[in-house]
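So the protein lines, in turn, are chains X and A.
Read in order, the letters of the first sequence are residues 1 to 454 in full-length UniProt numbering.
Read in order, the letters of the second sequence are residues 1 to 454 in full-length UniProt numbering.
Hint data in this document are derived by calculation from the structure and do not stem from the laboratory.
Some hints here could point you the wrong way.
A pair holds if it fits inside one copy or across any two, identical chains being indistinguishable in the list.
Said to hold, decoys possible - Okay, derived cross-link-like pairs now, DSS-like style, lysine-lysine, Cα gap no bigger than 25 Å in a straight line:
1. Lys252 - Lys317
2. Lys263 - Lys283
3. Lys418 - Lys92
4. Lys16 - Lys75
5. Lys450 - Lys188
6. Lys4 - Lys244
7. Lys189 - Lys450
Values in this document were obtained by computation on a predicted structure and should not be read as measured data.
Single-letter residue listing:
There are 2 protein chains.
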Amino acid sequence: MELKELYSSYEKYDGKEITIIARVRSHRQGKAVNFLVLNDGTTINDIQVVYKSEIEKYEEVSSARVSSIVEVSGKVVLTPGKPQPFEISASKIELLDQAIENYPLQKKEHSPEFLREIAHLRARTKTFQSIFRIRSAAAFAIHEFFNQNNFIYVHTPILTENDAEGAGETFVVTTRTDANYEEDFFGKKAALTVSGQLNAESFAQAFKKVYTFGPTFRAENSYTSRHAAEFWMIEPEVAFADLKDNIELIEKMVKHIVNYLFKNNMDELNFCAQNLEEGLIEKLKTIIENDFAITPYEEAIEILKKAVADGVDFEEKNIEFGLDLGTEHERYLCEVVNKKPTFVTNYPKEIKAFYMKQNEDGKTVAAVDLLVPGIGELVGGSQREDDYEKLITRCKEMNIDPEELWWYNDLRQYGYYKSAGFGLGFERLIMYVTGAANIRDVLPFPRTPKNLLF
Amino acid sequence: MELKELYSSYEKYDGKEITIIARVRSHRQGKAVNFLVLNDGTTINDIQVVYKSEIEKYEEVSSARVSSIVEVSGKVVLTPGKPQPFEISASKIELLDQAIENYPLQKKEHSPEFLREIAHLRARTKTFQSIFRIRSAAAFAIHEFFNQNNFIYVHTPILTENDAEGAGETFVVTTRTDANYEEDFFGKKAALTVSGQLNAESFAQAFKKVYTFGPTFRAENSYTSRHAAEFWMIEPEVAFADLKDNIELIEKMVKHIVNYLFKNNMDELNFCAQNLEEGLIEKLKTIIENDFAITPYEEAIEILKKAVADGVDFEEKNIEFGLDLGTEHERYLCEVVNKKPTFVTNYPKEIKAFYMKQNEDGKTVAAVDLLVPGIGELVGGSQREDDYEKLITRCKEMNIDPEELWWYNDLRQYGYYKSAGFGLGFERLIMYVTGAANIRDVLPFPRTPKNLLF
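With these hints in hand, go ahead and build the complete structure from the sequences.
Pasting the structure below:
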């Protein structure tokens with residue numbers, strides 16, 4: 001049987017004989033009895049097996065090294081008062097596969113840096129068991145949320161000829177070595193996508209509510225703890241929806257994810273709280289227990305100006321309309337001012353993408369960022385420009401050739417009444433809900449400059 | 001309100017006033033009244049709106065072109081005996097956005113070839129509404145299945161330095177134009193993945209049950225109806241599992257998907273049955289109503305030899321042990337011989353990948369393909385070689401440098417007791433369950449040689 005099943009209902013198995021197959025996490029000889037600590041990967045909780053020298057094949061069994069696989073039959077014994085609620089008193093142990101001696105993950109503390117070098121093994125540690133379990137659960141929570149709300153999941157293309165908003169360095173995809181793209185596989189230069197949004201917008205005009213959830217890429221030579229060359233994005237898009245609808249959807253989705261984790265992954269969250277981020281559980285509770293605040297950008301600027309006047313020591317103290325808020329400003333707004341997740345709305349058009357709907361004031365666009373305590377921006381979105389002429393003009397102003405996006409712009413000519421959507425960086429979310437400080441530790445096999453191993 | 005909600009409980013709304021926002025699919029003037037046929041994308045079922053010349057803004061409303069967006073308020077009127085179960089008698093209509101005259105999707109039959117040229121619009125047709133709704137539903141069914149069975153979803157990397165099994169042409173990913181990969185982003189030659197299996201295997205050793213679901217790539221210059229450069233794969237992997245467990249998992253998963261579609265997407269399946277493949281529903285019923293057959297490869301060869309002797313006219317009549325079965329042979333086995341989905345097991349090792357477990361007979365491997373009526377191979381999988389020395393030897397025999405896969409091979413040294421998994425091509429599945437004959441019609445924005453539009 002699986003340990004997950006045993007753990008979830010061990011009282012039912014009290015005194016009963018069971019059989020499990022699992023990996024040895026540690027093995028020690030006691031005075032009268034020996035102890036095997038096992039895990040089969042189905043739960044982060046280990047199980048302790050006790051066996052005596054009278055057992056069959058004692059010599060072989062007692063030689064089992066860390067990481068070996070054993071099959072254990074034995075009786076479940078409840079152990080009230082001990083750290084673990086039960087253990088197994090073995091009647092038979094089979095050493096199914098012996099590990100070699102120099103298994104890299106011996107029972108001791110390993111640095112995150114060392115563990116990144118053995119990404120094919122690190123998922124066996126409790127930390128990465130917790131992180132990748134939460135990652136999987138959060139992915140399912142997202143699919144469940146959109147499915148429950150009648151969104152259509154659309155696989156937007158990874159290979160593309162457009163770069164979404166003229167921002168972000170792209171990787172070139174080729175079958176040649178001479179950069180002669182006209183003779184290349186696609187007959188033109190192909191790149192890896194930086195966003196599925198534009199394609200998703202066209203599908204929203206067909207299905208009303210759609211979302212993407214797939215990998216995106218940036219060829220930025222950034223060695224920070226928050227940048228990776230390959231990461232996953234969630235990008236919903238809703239037709240007939242405006243900025244207000246967008247804000248409601250973001251709040252509902254984020255709360256759904258956190259609620260799902262509280263319901264299904266408390267063991268893992270508690271482990272993260274103990275080992276990665278103190279106060280993690282309380283931080284996540286602020287997400288589900290509060291209505292999020294809404295602060296228009298211009299109001300945010302006034303608040304930050306006042307903060308500087310009052311002596312708050314931002315690195316960037318030159319607070320004026322037009323400033324692209326830094327993480328320090330974002331965190332101040334949601335942590336100090338509002339003390340809860342905060343939507344900032346209606347940013348200056350100069351610092352946002354060409355496709356965002358221009359507001360009537362002539363200087364802002366219907367954009368929204370969600371700022372959360374501890375991290376700053378978690379989600380960025382907007383209502384889209386619905387006026388064909390304004391969109392074309394804005395393309396040109398921002399040095400984007402409208403011809404290259406003819407199909408995207410044309411959507412506005414074929415009956416287009418509002419559309420809004422947002423992007424959520426999946427790794428940013430997982431860092432937030434686990435407390436992991438480095439994006440390399442929430443990606444199963446991270447891709448960063450000079451790092452393509454595994 | 002949304003049309004999906006209205007359609008699912010229109011009797012509740014009988015005589016009630018409702019308001020909808022939707023796109024005009026057709027518009028015609030009758031003698032006494034006018035008819036708007038609308039759809040808002042939330043269901044494939046259109047709704048008919050009836051309005052008279054007494055309505056406010058009649059001139060403007062009656063000018064609404066196909067694809068325009070309108071807001072309609074009116075009363076739900078049940079229409080027993082008519083093709084549609086209800087219509088809306090409009091009290092107020094607002095033309096929210098007028099489409100231009102030359103909207104490409106006028107009300108007439110369009111060829112699949114023409115529709116591929118307007119992939120940003122074709123999802124609005126009933127055929128593609130059905131296909132992409134089924135695609136989305138099948139994706140959710142897959143995530144639901146694995147979630148219910150405690151699998152961990154792992155995002156294996158898209159950018160890779162290995163090509164999984166030495167098979168399949170890969171795309172190179174670069175930031176340079178001179179093919180000097182040592183100076184490139186990753187400091188070495190990077191490719192787009194052809195499979196996430198090897199990485200998934202390492203995670204299966206940590207979590208027992210994992211699956212991938214992500215895009216994979218082939219740079220093959222194939223212009224067939226079954227090849228695309230970018231497509232999605234599902235690849236589960238289970239530790240402590242053998243070929244028999246693998247077969248059970250495949251059958252359970254395929255049945256889950258079809259059952260999910262029968263439960264949630266009958267409108268779309270019926271539309272596909274009427275327009276894409278006659279007998280589709282019956283074909284899918286053979287999936288859920290039968291235990292799948294199991295035929296060992298050697299037995300299959302004997303059956304096919306006998307068929308040739310009996311006069312069956314295969315294109316490839318030279319049936320011998322070692323033959324890589326063609327689609328004609330696969331279909332004969334499941335359609336004529338077994339008359340239901342059929343697993344073929346234990347293929348000759350020469351025609352299968354290096355990582356498959358060698359059987360004791362010295363000539364076959366523990367591989368399994370699932371063949372289904374109407375298409376042939378749907379799933380391919382195997383138990384993995386667990387013996388380190390045998391794996392290394394097989395690598396060398398197949399001209400794969402074991403050093404390049406050191407981390408993969410090493411898994412066998414660190415306690416490894418069985419592992420099995422399979423790959424399901426998602427587009428192959430969607431073609432199968434919709435009856436779509438061309439892979440370009442089940443991918444939202446297909447990527448094929450010389451085709452990178454949108």
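Verification of the hints:
Taking the shortest Cα distances, Lys252 and Lys317 never come within 25 Å of each other, neither inside one copy (34 Å) nor across copies (61 Å). Proximity of Lys263 and Lys283 under a CA criterion of 25 Å is satisfied intra-copy only: 16 Å inside one chain copy versus 40 Å between copies. In this assembly of identical chains, Lys418 and Lys92 lie within 25 Å of each other by CA distance solely across copies; the values are 20 Å between and 67 Å within a copy. Within a single copy, Lys16 and Lys75 get their C-alpha atoms as close as 5 Å, which meets the 25 Å cut-off; across copies the closest is 65 Å, which misses it.
Proximity of Lys450 and Lys188 under a CA criterion of 25 Å is satisfied inter-copy only: 8 Å between copies versus 27 Å inside one chain copy. In this homomeric assembly, Lys4 and Lys244 come within 25 Å of each other (Cα to Cα) only across copies, at 23 Å, whereas the closest approach inside a single copy is 42 Å. Both within a single protomer and between protomers do Lys189 and Lys450 lie at most 25 Å apart by alpha-carbon distance, with minima of 24 Å and 11 Å respectively.
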